[in-house]
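**Q** Top line first, the protein sequences correspond to chains X and Z. Residues in the first sequence are numbered consecutively from 208, following my numbering. Residues in the second sequence are numbered consecutively from -12, following my numbering.
Any given hint might turn out to be false.
Said to hold, decoys possible - Straight-line Cα separation of at most 20 angstroms, SDA-like style, residue types lysine to any residue; simulated pairs:
1. X:462 / X:365
2. X:388 / Z:126
3. X:388 / X:286
4. X:462 / X:423
5. X:462 / X:410
6. X:388 / Z:24
7. X:388 / Z:129
8. X:388 / Z:127
9. X:388 / Z:15
10. X:388 / Z:119
11. X:388 / Z:121
12. X:388 / X:406
13. X:388 / X:423
14. X:388 / Z:28
15. X:388 / X:439
16. X:388 / Z:124
17. X:388 / Z:141
18. X:388 / Z:123
19. X:388 / X:437
20. X:366 / X:393
Think of the hints as simulated: they come from the structure by calculation, not from any bench.
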Amino acid sequence: MGSETPPFFKRGPSPLSRFLLFSALSFALLAGDARFGYMTSVRQILGIVLYPLQQAALAPLLAWDRITGFFVTQAGLQRENARLKEENLAQAALQLDYAALAEENAHLRRLAEARQRYRHPTALAEILYAGRNPFNRRVVIDKGSRHGLEPGQPVADDKGLVGQVTRVLPWVAEVTLITDKEQAVPVQVARSGARGIVFGAGRDDTLDLPFTPISTDIRTGDTLVTSGIDGVYPPGLPVATVSNVERNAAYAFAKITCIPSAGVNRHTQLLVLTGKPERPPVPADSAETPAKRKKN
Amino acid sequence: MQQRVAPRQEILRPAGWGVVYFSLAAALAINLLPWQGTALLLRPDFVALAVLYWCVYQPRSIGFGMAWGLGLLMDAADGALLGQHALAYGAITFAGMILQRRILMFGMGQQMLHALPVLLGGQGIVLLVALASDGTFPGWGWFSGSFIGAALWPPLVAILRMPQRPRRDPDQA
């Protein structure tokens, strides 16, 4: 075992060749994972191996939470209770309005023979921990494929869209936040109806709305909601508020930054919209129509 | 020919497999703690440190396969691309094997100076892979983990050597 052992025995290939072999293996894995997505099952197995270790690592933190939760002061509880009562009253009033409006809306839609707005079944999930990977913005939640989660499902909180489920393991799932650089959300300006696609900036509390022509009707303070035309996000979920619009005549596009409506990294409870949104069937001859028109 | 005498060397019992595996599992568990924000930025990679320690202090106890497997587990836990940490830990193992005899010649201060570039190299590989795929640059502060890791080298060595110390009185043990 000692370091001074002379090489009496055959030790196999040299460190350099072993290093090159394992590096090649790593690169093969990286390529398989990044380009072809072959590694889902490998990841599932590794996730199951890691699960007990992760639970063990989380245990002291949960215990601490429980202990501090036990010693919450009564004053704090009373304050929270009063605030909740106040909010409840305000919301009861809104609820009355809402019921009337919903009735009216349903009636109008029936009249217009419009598609009934799809109501999503939801699942409440708790954030286990924020992703430890500093290169992207993800959180891990405590619901997985056993609870009916699937990749692609939108995740929201009480104020708006938080992100999208991107990877599902049996008991946990990974949610990519809308602030992630790779995350795009099709949106609509609630005031003017102008459409666009919001991208994460890779930083906290910042979203970009690139490729918006400078003539677009959009102002600071506008609310962006999901447009729903992608078939992934239900329409009308608040996404962000426009915080800055910079129009420069030298460029074709305006530089627009927004602040996410949801507390993208301030929450512990999230709502996963588990239902599949109904999508109208794609017209079969949609590709041919423009060609026909050209001929005429 | 005068031989260089290493400063205050103890004769240590070799660490058993149990100790090696337990230390690696413990390092992995520490890495898996829900680190967030600044703590996450400052967190040294304990698995990398443990791998480097065993490569240097007991070279036959850990091989490429082990380091690589640990890297895969780290990748799965981080939700990173599979192979990112595996590549880095493989490089750290290689560096540890090459530098092993050299590092042991030095005292603690200089050992830290050897550990630092190895850890930085590992982080550099992770960063390059992440940037090449789809990541955002987390800022130069991210490399502070390696500096803190190198600073933790002496206490880590002291802790991991504990089970290897000879018993006070071998006759009574």
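**Q** Work down the list of hints and note, for each, if the structure agrees.
**A** Taking the hints in turn, this is what the structure says about them:
{"no.": "1", "hint": "X:462 / X:365", "in the structure": "violated, 28 angstroms"}
{"no.": "2", "hint": "X:388 / Z:126", "in the structure": "holds, 15 angstroms"}
{"no.": "3", "hint": "X:388 / X:286", "in the structure": "violated, 39 angstroms"}
{"no.": "4", "hint": "X:462 / X:423", "in the structure": "holds, 12 angstroms"}
{"no.": "5", "hint": "X:462 / X:410", "in the structure": "holds, 16 angstroms"}
{"no.": "6", "hint": "X:388 / Z:24", "in the structure": "holds, 18 angstroms"}
{"no.": "7", "hint": "X:388 / Z:129", "in the structure": "holds, 18 angstroms"}
{"no.": "8", "hint": "X:388 / Z:127", "in the structure": "holds, 18 angstroms"}
{"no.": "9", "hint": "X:388 / Z:15", "in the structure": "violated, 28 angstroms"}
{"no.": "10", "hint": "X:388 / Z:119", "in the structure": "holds, 14 angstroms"}
{"no.": "11", "hint": "X:388 / Z:121", "in the structure": "holds, 8 angstroms"}
{"no.": "12", "hint": "X:388 / X:406", "in the structure": "holds, 7 angstroms"}
{"no.": "13", "hint": "X:388 / X:423", "in the structure": "violated, 24 angstroms"}
{"no.": "14", "hint": "X:388 / Z:28", "in the structure": "holds, 19 angstroms"}
{"no.": "15", "hint": "X:388 / X:439", "in the structure": "holds, 18 angstroms"}
{"no.": "16", "hint": "X:388 / Z:124", "in the structure": "holds, 11 angstroms"}
{"no.": "17", "hint": "X:388 / Z:141", "in the structure": "violated, 39 angstroms"}
{"no.": "18", "hint": "X:388 / Z:123", "in the structure": "holds, 7 angstroms"}
{"no.": "19", "hint": "X:388 / X:437", "in the structure": "holds, 19 angstroms"}
{"no.": "20", "hint": "X:366 / X:393", "in the structure": "holds, 18 angstroms"}
Violated hints, listed in ascending order, are 1, 3, 9, 13 and 17; each of the other numbered hints is respected by the structure.
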